[in-house]
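Undergrad: Here are the chains, one letter per residue:
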Amino acid sequence: MSNLLVQNIKHTNNTSAQTIDSSGRTTAVLNNDTTYRSDGGAVTQNMVQGLCKCWVNYTCISTTAERDSFNVSSLTDITTGQTTVNINNNMANDDYSGYYYTNTDSNTAYTNFANTHAGGFGSFETGLFKHNSYSSTDIDAFQNLSGIFGDLA
Amino acid sequence: MATLKTNTLTGTSTAGSIAVTGEGNSTTTNLQQGLTKCWCKFNGEDSTPSFSDSFNMASITDEGTGDYTINISNDMANDDYSCTHHGINRTFLENADQVLVGSVRIVGRNQAGNATDINEAGVQICGDLA
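Taken in order, these protein sequences are the chains called A and B.
Note that the first sequence covers residues 10 to 162 in my numbering.
Note that the second sequence covers residues 1488 to 1617 in my numbering.
Treat the hints with caution; some may be incorrect.
[As the list claims (entries may be wrong)] In silico lysine to any residue, SDA-like type, Cα no more than 20 Å apart, as pairs:
1) A:Lys-139 - B:Arg-1577
2) A:Lys-139 - A:Val-57
3) A:Lys-139 - A:Asn-95
4) A:Lys-139 - A:Asn-98
5) A:Lys-139 - B:Asp-1554
6) A:Lys-139 - B:Thr-1535
7) A:Lys-139 - A:Thr-88
8) A:Lys-139 - A:Gly-156
9) A:Lys-139 - A:Arg-76
10) A:Lys-139 - A:Asn-97
11) A:Lys-139 - B:Asn-1597
12) A:Lys-139 - A:Asp-103
13) A:Lys-139 - A:Gln-91
14) A:Lys-139 - B:Gln-1520
15) A:Lys-139 - A:Asn-102
16) A:Lys-139 - A:Gln-54
17) A:Lys-139 - B:Asn-1606
18) A:Lys-139 - B:Asn-1530
19) A:Lys-139 - A:Met-56
20) A:Lys-139 - A:Cys-61
21) A:Lys-139 - B:Ile-1575
22) A:Lys-139 - A:Thr-93
[Unchecked claim] Taking beta-carbon pairs under 8 Å as the criterion, some of the chain B residues facing chain A (in silico):
23) Trp-1526
24) Lys-1528
25) Ala-1564
26) Thr-1571
27) Ile-1575
28) Val-1586
Keep in mind the hints are simulated off the structure, nothing from the lab.
Glycine residues also receive a C-beta, built at the ideal position from the N, C-alpha and C atoms.
Bound-form chain A, shown alone (with noise of 0.2 Å):
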C-alpha cells in the first residue's frame, strides 16, 4: 500500500478543502447545506434539518433538575407541574416542532406516560419552550421528556 503524505488538499484556485491533523484525523464540521443518501437509498435529504436540536430529560420532585440533556442551558421551575426549558444556543424563530411527554404522577411508574391527556407545550420562543404536565391538576413529575425540531439560528 502507497501512502499519500499531505497536511491540505485544496482546490486548484487554492482554496484549502481540507485539513489533516498531526494524528491523521479529520473532525467533521458539517455546512448546513450537506445532503445524505436515504436509507432506502431513492433520494437525498438535507441532513441539518434532521437533526434534533435539543432534548432534555428531567425530573421535577423535589427539585427540579435535568438527568441528561443537548442544547439547554437551565430549566426554571415555574409553578407546580409548570417548567421553562431554556436553549443554549437559540433558535431561528419559534415555528419550530417537537414532543414532550409526561407520566404525570411523582412515582417512577409510567402509569399515566400512554395517556395524551397527560401534558403538552405552554408556548415556544427562540430561546425557550414550556412544558405544562396535567392530568386532572398540574402535578410536579418525575419523568418529564422532550425534544424539538427546527431550525437553529
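On the provided structure of chain A, position chain B as indicated by the hints.
TA: Relative to chain A, chain B alone:
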C-alpha cells in the same frame, strides 16, 4: 481543529448507510436512522391550514374539526415509522388509523377528549425514508 467540508454524505458500501461514532466513543450508530425524516408546525385553526415551517412535508388536508392529514414530500419506505406530535395549552394530537408511506392522519383533542382545532400543532416522523 481540522475541518471536513462536504455537500453530500453517501456510504461507500451502502449508499444509504453511514456510521458515526457515539458520544461515549465505544460504539458506532447509523446516521441515516438517527435523523428525523419530516417535521412541521402549523396553525390548525386557519380555514386553510398551512405550515409555518416544515421539513419534507408537502401539504395539509383539512378533514374536519381537529382532523388533519399531513402529506409527506419524499415518501417513507413503509408505514412502520414512529410519529410524535404536540398541541398547545392543554390540547394534544393523537394518531388516527391512517398511517401511510406518503401521509399520516392526526386528530386534535382538548383535555375533555373532544376533537378540536389546534392553533400551534407539530408533527415529527422517524423511520426509514424510501
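Undergrad: Hints first: check each against the structure and report whether it holds.
TA: Results of checking the hints against the structure:
1. A:Lys-139 - B:Arg-1577: At roughly 12 Å apart (the allowed maximum being 20 Å), Arg-1577 (chain B) and Lys-139 (chain A) satisfy the hint.
2. A:Lys-139 - A:Val-57: Judged against 20 Å, a Cα distance of about 24 Å means the pair is violated.
3. A:Lys-139 - A:Asn-95: holds, 9 Å
4. A:Lys-139 - A:Asn-98: Answer holds: Lys-139 (chain A) to Asn-98 (chain A) is near 16 Å, not above 20 Å.
5. A:Lys-139 - B:Asp-1554: At roughly 25 Å apart (the allowed maximum being 20 Å), Asp-1554 (chain B) and Lys-139 (chain A) break the hint.
6. A:Lys-139 - B:Thr-1535: The hint is violated at about 27 Å.
7. A:Lys-139 - A:Thr-88: holds, 11 Å
8. A:Lys-139 - A:Gly-156: holds, 12 Å
9. A:Lys-139 - A:Arg-76: holds, 18 Å
10. A:Lys-139 - A:Asn-97: holds, 15 Å
11. A:Lys-139 - B:Asn-1597: holds, 18 Å
12. A:Lys-139 - A:Asp-103: Given pair Lys-139 (chain A), Asp-103 (chain A) holds - Cα atoms ~12 Å apart, limit 20 Å.
13. A:Lys-139 - A:Gln-91: Roughly 7 Å separates the two Cα atoms, so the pair holds.
14. A:Lys-139 - B:Gln-1520: The hint is violated at about 28 Å.
15. A:Lys-139 - A:Asn-102: Holds. Lys-139 (chain A) to Asn-102 (chain A) sits at ~15 Å (cutoff 20 Å).
16. A:Lys-139 - A:Gln-54: Outside the cut-off at roughly 30 Å; violated.
17. A:Lys-139 - B:Asn-1606: Since the Cα atoms of Lys-139 (chain A) and Asn-1606 (chain B) sit roughly 16 Å apart, the hinted pair holds (cutoff 20 Å).
18. A:Lys-139 - B:Asn-1530: holds, 18 Å
19. A:Lys-139 - A:Met-56: Judged against 20 Å, a Cα distance of about 27 Å means the pair is violated.
20. A:Lys-139 - A:Cys-61: The given pair, whose Cα atoms are some 17 Å apart, holds under the 20 Å limit.
21. A:Lys-139 - B:Ile-1575: holds, 10 Å
22. A:Lys-139 - A:Thr-93: holds, 4 Å
23. Trp-1526: Holds: closest Cβ of chain A sits about 4 Å from Trp-1526 (chain B), inside 8 Å.
24. Lys-1528: holds, 5 Å
25. Ala-1564: holds, 5 Å
26. Thr-1571: holds, 4 Å
27. Ile-1575: Because about 5 Å separates Ile-1575 (chain B) from the closest Cβ in chain A, which is inside the 8 Å limit, the hint holds.
28. Val-1586: violated, 16 Å
This entry does not satisfy hints 2, 5, 6, 14, 16, 19 and 28, going by the numbered hints stated previously.
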